[in-house]
Amino acid sequence: MFKKILVANRSEIACRIIRACKEMDIKTVAVYSEADSSALHVQLADEAVYIGPPPALQSYLNMDAIIKAAKTTKSEAIHPGYGFLAENHEFNQKVKDAGLIFIGPNPVPMKLLGSKVASRVAMIKAGVPVIPGMKSSSKDFAEFEKTANEMGYPVLIKASAGGGGKGMRVVHKKEELKSAVEAAMRESLSAFGSDEVYLEKYIESPRHVEFQVAADNFGNVVYLFERECSIQRRHQKIIEETPSPVMTPELQKKMGETAIKVIKTANYNNIGTVEFLVDKNRNFYFLEVNARIQVEHPVTEMTTGVDLAKLQIHIASGEKLPFRQEDLRQNGHAIECRIYAEDAYSNFMPSSGKILYLKVPLGSGVRYDSGIYQGAEVPVFYDPVLAKLIVWGADREEARKKMLLALKENVILGVKTSIGFMLKCLEHPEFIRGNTFTNFIEKNIKIEKDAEGKLLNYAFLGSAMHHNDNKKNSKTFTAASGEMPTPWQTIGSWEICTGRQIGKGN
Amino acid sequence: MFKKILVANRSEIACRIIRACKEMDIKTVAVYSEADSSALHVQLADEAVYIGPPPALQSYLNMDAIIKAAKTTKSEAIHPGYGFLAENHEFNQKVKDAGLIFIGPNPVPMKLLGSKVASRVAMIKAGVPVIPGMKSSSKDFAEFEKTANEMGYPVLIKASAGGGGKGMRVVHKKEELKSAVEAAMRESLSAFGSDEVYLEKYIESPRHVEFQVAADNFGNVVYLFERECSIQRRHQKIIEETPSPVMTPELQKKMGETAIKVIKTANYNNIGTVEFLVDKNRNFYFLEVNARIQVEHPVTEMTTGVDLAKLQIHIASGEKLPFRQEDLRQNGHAIECRIYAEDAYSNFMPSSGKILYLKVPLGSGVRYDSGIYQGAEVPVFYDPVLAKLIVWGADREEARKKMLLALKENVILGVKTSIGFMLKCLEHPEFIRGNTFTNFIEKNIKIEKDAEGKLLNYAFLGSAMHHNDNKKNSKTFTAASGEMPTPWQTIGSWEICTGRQIGKGN
Amino acid sequence: MQLKYRNTHYDVRVEPDGEDYILTVNGEKQKFTAKRNGTNLISISNDNVKTNVYVAEDDSRFYVNIDGDGFTFEKSREEETSYGEEAKMSSDKDIIKPPMPGSIVKVLVKKGQKVEEGEGLIIIEAMKMETTLYSSIPGIVTEVNVSAGEQVDSDKVLLIVEKEK
Amino acid sequence: MQLKYRNTHYDVRVEPDGEDYILTVNGEKQKFTAKRNGTNLISISNDNVKTNVYVAEDDSRFYVNIDGDGFTFEKSREEETSYGEEAKMSSDKDIIKPPMPGSIVKVLVKKGQKVEEGEGLIIIEAMKMETTLYSSIPGIVTEVNVSAGEQVDSDKVLLIVEKEK
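Chains as they are written, first to last, in the working numbering: chain A, 1 to 506; chain B, 1 to 506; chain C, 1 to 165; chain D, 1 to 165.
Mixed in with the good hints there might be a few duds.
Partial chain A-side listing against chain C, Cβ under 7 angstroms, derived [stated by the list, open to error]:
hint : residue
1    : 82
2    : 246
3    : 355
4    : 357
5    : 414
Since the hints were made in silico from the structure, they are not lab data.
In this text, all values refer to a predicted model and were calculated from it rather than measured experimentally.
Think of the CB as a built atom: it goes at the ideal place given N, C-alpha and C, for glycine as much as any other residue.
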């Protein structure tokens, strides 16, 4: 087993991996940008190496700086987490070339699966069902226009290297196509360093159902059941659960075995996720493989008892899978909510600032994978994830009730969060019924704040009482708050109109 | 189902029960003494009723005030938690007489089992193995002396109404007997309102193994497997785990079925715990039944998936058990550490004060049942439990590693805690081997602080840097800290010699 | 004190009244039973039902959480109490500032250009997401202070749109 | 500053030295790499291995946690720097105060009584546990200020034992 691992990531997933290493008696090295010098993952790791200025391209995407940090600290392996360089096959290869272990799949399957287009082609050949669309990415706009015209609108523009909704645009009308392709290319370039985008048929109101798989270096492959991740905003998952409300034992077996076929076709090793769309008739289409640990991996952990972060490390160190398919069982129900710093009422605009107060939700069956602490700064440079709240219940309704309570107990002051918005989702009758489709939010959730006369008065009263107590208790307070505001703080306001943007506010 | 429940307790267990109720859409009423007006359970409940001055006898043991609070708030049931009035059959009866539901067993089995002596007699009759000793409590010292002389020393004095090591004394020599009996009577009177104590043979180096049971009001009884609670200090459990390292499927079945026999003999209903001593040859002896939810119930919840607090409420509301014996399974391994405000290096002297800083341990498989928050006062009037840290792992070693990490991550500043001491226990080779006997601490753990030159310098450096930053940042600091200390704060010191007390520092 | 919430100004005052508190919002009085219940927690009771209001403040804002519902109140300057004046100003003039530090992707308009209400003015990227800022009034672009690729802070005035007089 | 830890006094000073810090304890200097890493966290690096030191303080004490190990330092009065004097005092006189507020169960000695080192003086109950307080010196009980059943605060002097001169 490795003696020391460098974790090439930040926030909650870096903390998650560092904790897994600590439990395995593996020393950990964090890397950090200038914006993260006091971040939680830096606090937690045994060592921490500065790798560059705040912009990700100069720090968390800086391959050479990261590999150098690993060599300098005598790390034997690099865990990439998710996002950043996690699915970058060049980085993967560079790590190998530097004589280090990359904790993830080999570069070849990663490269194949990293291209949505190439993997589509391979899967079609292997007999895996896929969504109709362009065979490859293109920079020729005419090709987009042609395919869209042939299949009919709506169509979906996707970044070939993409994930998490970045570089993705739904296009309903011919006139919107050009600006959507351009925006997707820009976003993809900025997020993944590649502007390759392509187009496919947009399937309306599907479910997003994915299968967790694990493959060792000896050809053994298992699936650890599904996760339903249909609740999305801006095409990014925000609420995930397992089992999927739509799942039946037959469908589960069929999809699980298809997932294994995908993995074997790609000659994939280590853990990964095979994503499918499921339509209203329970037909399923292969979407892509996420060649890394997923944001939503904890719901699988809570229901199977398998620690996926540790499993990644065991596999990467050359161990065989410790179980066979028949040893694995789903137990109870788990739900995850991603707590983002964002304003649900302003088109999910990211929010940054200082965490002035943090109350971690507690209780039985509650897990909080956090990247923040009270006093921490939420920088503007990265994905605004603050934490993930995961609950386990004996059944879906128990888990849902637990999540409602835990969300209410998770108080975060200083930045706007998606907590109130997610409460609305979880309380909606369609969610309770399990009618979770990818257009759930668009269809069911009013993106407006309710009239809240009573609560507003309570909020005023609380603010005024708090302010008066602060004044009393601190002689420095008046000085601090008495700073002259700039004229711009008080005059005028900026506005963001929702509903006219390509993302359509969902 | 009930619409509103009053929780007649405080700290972590009150919070635990309130959360269970919230998940069941049951409104909750907290009660609080003057010392607890800002306590966590008061924050959490929907309503809170003041019931008296800080001393427990005038508040949390004040039956009439509590029943009145339940009537006033139109509560339908009272949940007593553990400790305080939880096993007081008079209170149980009074609650019934007031037309309310007591969430626990009926008064008759509670009365029987509440008397350690009467229950011994009943169990002997039913063929359940028990430890030899006095048949009943007594105020006649001669009787203690006579039984002790007959059986030979060491002997154990126990409070008939006792629990948690209160009113319990091991006596090794004849000369110590009288003062031990007196002290036990005083402690029992103060803790349980009864000075009934008795004597039994002291079994050396046993394991404390208990079985969780559940019985509905229709005669259905199941056991939810065992908990090993051998790691004790001052005869109070501090580390608990399940499964027990000593357990075999055969022994588990035999003890489980004996537990069911005990419950049926007592005509017991609702959840309860049957405690056994297991000697080195795996003989087991019935000790007593805890007719309430246990402090250590979470380890059973983590391994069976059954929510015991909710189950109590379901049974009390007249529902049948939702499972049969064959539906229940143990899954993985769970360990609990009780985080007390106490100084392990001064004979486990309770510590009180203000929680100046709290860092809740997080991560996969970590549960924190807490009664505190940053800024909370830990009053001197009650049991000094701050929180319970529970972890789940696929096996014992994974759980142990997780606990080590979580204990280190659980930073509590402002009161002394048992965290460092418990780390020593969990790191000890005998713990790793599963050699957990009730004399584990006495035998294995040096109750002295190690020489810690490097750490001490780190602590000095941290203190000085923190102090300097505080000075810089707060103009009020100097004024606040510049208050004239009383002469007693600076002159002289008090000393507590350990090792000479009857409890012998274990 | 003066608070701004969703573009509306509120004059908020609170005074103790025995064990209770009188809240005055824009002159209207209401009485509440409330107590501080922890560093950042005020518990308000109504018909014996307790509501927990968590509050924190920094120099410019109050942050409030009530059972998962978040409120952010801007602190207004105490001197600036003449609402009418300001309201007039803000409806005559739209000063575009970024919601947070970020980088300018594209400026969609030029100085002197006429724009409609709701017309896109500028695209900004922050936290890896592109967002378009729109004009809240019809008018003329009177100032453009940035160009594509520029890093900007949240108090930077990017653009000003003014109503034609 | 002056700190007391387990009955020993330490004179502790810290000064920045470039990016590092010089710690002086009772005159002995050592150099450390350290930085503030959060409100209550100082991270100290040694050979690239980081140790997290969590610190809080109130008027009379510092509370420190390093990987689960707790340290409590008493703040000494700054003026009171003459150690010899105090050491002498405390070894000549044992002033018994309760470890925390509690109630007196039993007073085991009387005023004027001769006691041995380690002899039990008083039994106090706090947090539902009985604890005996012992004399740290041999001597004579010169003061008894409480009796059984009394509630006492932690700064109450219960008893004083003085060495025979």
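Now the hints, each set against the structure:
1. With a cut of 7 angstroms, the hint placing residue 82 of chain A at the interface with chain C is violated, because the nearest CB-to-CB distance is about 14 angstroms.
2. Look at residue 246 of chain A: its Cβ only gets to about 28 angstroms from chain C, farther than 7 angstroms, so that hint breaks.
3. At its closest, the beta carbon of residue 355 of chain A sits 9 angstroms from a beta carbon of chain C; the interface hint therefore is violated under the 7 angstroms criterion.
4. Residue-level restraint check for residue 357 of chain A holds (minimum Cβ-Cβ distance to chain C is 4 angstroms; threshold 7 angstroms).
5. Given hint, residue 414 of chain A at the interface with chain C, holds; its Cβ is 6 angstroms from that chain's nearest Cβ, closer than 7 angstroms.
Hints 1, 2, 3 from the list above are not met by this structure, while the remaining hints are.
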